[in-house]
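The lines below spell out each chain.
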Amino acid sequence: AQSVTQLGSHVSVSEGALVLLRCNYSSSVPPYLFWYVQYPNQGLQLLLKYTSAATLVKGINGFEAEFKKSETSFHLTKPSAHMSDAAEYFCAVMGGKLIFGQGTELSVKP
Amino acid sequence: SAVISQKPSRDICQRGTSLTIQCQVDSQVTMMFWYRQQPGQSLTLIATANQGSEATYESGFVIDKFPISRPNLTFSTLTVSNLSPEDSSIYLCSVEEDGTAGANVLTFGAGSRLTVL
Chain A
1 AQSVTQLGSH VSVSEGALVL LRCNYSSSVP PYLFWYVQYP NQGLQLLLKY
51 TSAATLVKGI NGFEAEFKKS ETSFHLTKPS AHMSDAAEYF CAVMGGKLIF
101 GQGTELSVKP
Chain B
1001 SAVISQKPSR DICQRGTSLT IQCQVDSQVT MMFWYRQQPG QSLTLIATAN
1051 QGSEATYESG FVIDKFPISR PNLTFSTLTV SNLSPEDSSI YLCSVEEDGT
1101 AGANVLTFGA GSRLTVL
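Protein chains in written order, with the numbering used here: chain A, 1 to 110; chain B, 1001 to 1117.
These are calculated hints, taken from the structure and not from any lab test.
Certain hints may be false.
[As the list claims (entries may be wrong)] From chain B, some residues computed to sit far from chain A (all C-beta separations above 12 angstroms):
1. Phe-1033
2. Gln-1041
3. Gly-1052
4. Val-1062
5. Val-1105
[Claimed, not checked] Computed beta-carbon distance windows for the label pairs:
6. B:Ser-1027 to A:Ala-53: 22 to 28 angstroms
7. A:Thr-55 to B:Gln-1051: 34 to 40 angstroms
8. B:Gln-1014 to A:Lys-68: 49 to 55 angstroms
In this text, all values refer to a predicted model and were calculated from it rather than measured experimentally.
Built from N, CA and C at the ideal position, the CB exists for glycine as well.
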């Protein structure tokens, strides 16, 4: 069965600092992986997806994620955090259905 | 991408009653999904709704509690029956859209926030 694990339910960074949100996956087949963002009182918005075309995937709002098969990881990064990045971030794997991780709440301090 | 409208956006209901949530999509889609997001939790798939067939429910969810209709390719409803405080959650509708390289993408509505007193 496929699954994802997000390390850290809450991450806090200063504005302008690097954002690193961790996601590890478990899959017996090459996975399709996704990162979604949920702003307060809103639905989910797709940030980026991995489809095996390229290991480094660029998404919206300056986010990117790197697929590392050897580490079974798909961590999300952004070089410089902005206050507007404060939200809940979900990693997900497609395994017949979309399976979500537990989510990581990102706080950005001024 | 598809635009999804959910109604109501939020509601407060008394225990023992039912709430029906509507999901309208601006384009025809084959696959529609209903998710539940309990307070502080991740998303859990309730069921998959395909037009012209009965919904397929995930383990732990039953049709009597969560009846779903899918009358056409742009609309679906989810009813949460016999409400209890444990049903207080955000319910999200999503649709599957064709993506590049075979990776279909789910697009989500804004959600319906239910509070049961």
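Hints and how they fare:
no.	hint	result
1	Phe-1033	violated, 8 angstroms
2	Gln-1041	violated, 8 angstroms
3	Gly-1052	holds, 20 angstroms
4	Val-1062	holds, 18 angstroms
5	Val-1105	violated, 6 angstroms
6	B:Ser-1027 to A:Ala-53: 22 to 28 angstroms	holds, 25 angstroms
7	A:Thr-55 to B:Gln-1051: 34 to 40 angstroms	holds, 37 angstroms
8	B:Gln-1014 to A:Lys-68: 49 to 55 angstroms	holds, 50 angstroms
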